[in-house]
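Assemble chain L onto chain V, guided by the hints.
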Amino acid sequence: MDGDGLRLNMNGLDYLILALYFVTVLGVGFAARRAIRTSVDFFLSGRSLPAWVTGLAFVSANLGALEIIGMAANGAQYGVMTVHYYWIGAVPAMVFLGIVMMPFYYGSKVRSVPEYLRLRFNRPTHLLNAISFAVAQVLIAGVNLYALALVMQALLGWPLWTAIVVGAAIVLAYITIGGLSGAIYNEVLQFFVILAGLIPVTVIGLVKVGGWNGLMDAVGDTKLGEAGLHAWQDTGSTANPLGAHWIGIVFGLGFVLSFGYWTTNFAEVQRALSAKNMSAARRTPIIAAYPKLFIPLVTVIPGLVALVTVKGLGAESGDLQYNNAIPLLMRDLLPNGVLGVAVTGLLASFMAGMAANVSGFNTVFTYDIWQAYIRRDRSDEYYLRVGRWATVAAVVIGIGTAFIAAGFSNIMNYIQALFSVFNAPLFATFIIGMFWKRMTALAGFWSLLLGTLVSLSLYLLYKGGVIDFNSDLEESFWGAGLAFVTAVVVAAIVTPLTSPKRDEELRGLVYGMGGVDLKGDVLAGDAAWYRSPVLLGLIAVALAALFYIPVF
Amino acid sequence: MSNDGQPAQDPLIDEAQAEQRRSAAARLFDIRRVIGGLFVAYGVIVTLIGVFDSRAEIDKAEGVRINLWAGLTMLVFGLLMLLWQWWRPAEAPAPNEQQPDA
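One line per chain: the protein sequences are V and L, in this order.
All letters in the first sequence, in the order written, are residues 1 to 552 by my numbering.
All letters in the second sequence, in the order written, are residues 1 to 102 by my numbering.
This is chain V alone, in the form it adopts within the complex (with noise of 0.2 Å):
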């Protein structure tokens, strides 16, 4: 490796802080065991839970690794563009999942994202969106473990074998014993520590370089220059430093991108599906849209600040590496003390992201391919078995793709824009599903396969060399676009020709067709303005949108 330039001076109290953390999780794991009697007790929480937790849950599912890491990275390299991931490329999904889409989910009471898709069409197009998850699920796990297994062995110096048993233990530990109780209530915990660990780097970071105006002067003399301070100026053209055009910005990445991942994506749809009643399920993603506004803060602030303070950062390899922003200011800023919680917030980003696909894939691979295709009609003791050996299993496989990730230096970059694909095709197979009630099920089949294959197929032209792009982002658009219009298309020419569901089949999955009952289980508080989903939502809109001004 890189010898030991980001090792990190941590003594006895910073390993304390850390190993009180890790003792916490697995108490967790341990004390949600006597929740758990019935299945859906294991896989969906028994829908029992509070919007404010499954709400923070649901952002924490998406703190993992790759994206702190990685948004300080974009932040170093691409400067405020970065936050286009967020205001742009974030909020507006999750509340257009709250406010539209989760009434169909929820009030359906479907166990997972694919029974959404066996219910609204068919089965084969349920068993290829049930597979290609749990595929994709257990890879993102091992790639999240393989992240987690570098950082321990560059920081803490630990033998890069030791750092991932350790790690898909833990999470192994509080996710079979605790199920999605455990996973979600150590999210919530997750979610505090990593602020806790990155807050204390950022206010420190901004002393360093004289608060925001210093930043803002420091940033206009690096090579990034002046436009490494705005978010649109530049987008008529793609001569900016992220390299994207308004237009893809927004019907790329905020549009087609953005509401594929965070409107399909079980992994985030399952922390929904456990909240208590309907109006805290539609409160869940809206909730999360708070924090996910001021998470730019401590990314990519921290990115900045790096790019302004560690002299030669951006080095193809080595330890200077854009990706290791945040390590090398807490190297450099943090005394003993908030050195051990900011370490123990990075680890705990990893575990999140890692728990949220363990717990994702346990649930379809129990549902949707167990259950329903290979032993039905067992006892629900018999599912809640199976469950806990899928989790077993999820983090054996993950152990396993951590080591071939290990082997491959880029090849976590490709399964993660790779599936980031896969999700344009599933969010318009499931948005004309949801709003055409005509559109048939040989249709949705269909226009799933076909929409997979054309983004798969543009991808793999692209790694090929056989098309060009300015950059993998403007592949990802162009693919995730593409998919788009074929899956819409395909479904246009394929609905005349085959028969529809019966209207009662449709009921509750498909909109207009009645069956959703928004008000149904409202308990006594729900009522009250400030729990309206709709005004909740876009209040949440209009803040990112505002967020926008002091650095257009």
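Bear in mind the hints are in silico, worked out from the structure with no lab data behind them.
Accuracy of the hints is not assured; some may be wrong.
For each label pair, taking beta carbons as the anchor points, the in silico distance ranges come out as [said to hold, decoys possible]:
#1 V466(V) x D59(L): 49 to 59 Å
#2 A26(L) x L535(V): 24 to 34 Å
#3 R21(L) x P291(V): 28 to 38 Å
This one's a predicted model, so the numbers in the text were calculated from it and none came from an experiment.
By construction, the Cβ of each residue, glycine as well, lies at the ideal position given by its N, Cα and C atoms.
Below, chain L without anything else, positioned relative to chain V:
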């Protein structure tokens, strides 16, 4: 009570819904206690470290007594979580939400 009626039926989902009667979810503990507890512990540890920080450590953090400030903030946050739980304990969930149309 809506006039929308019930969503479409599915045997697998109905089975899972029927099992909900046995659900033990009501026995789940309150996460606020754990968050509060961990942050109070972190707050105490980091504040104490901050009280005894040497000049070198304060200089490393650009002259900010970051351990002291971060420790006190975490302590207050932890206490607020515990206070919130004490102030507004989790409402006991409805005994059974599976009752046919109340």
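Can you give the numbers of the hints that this structure goes against, from lowest to highest? none
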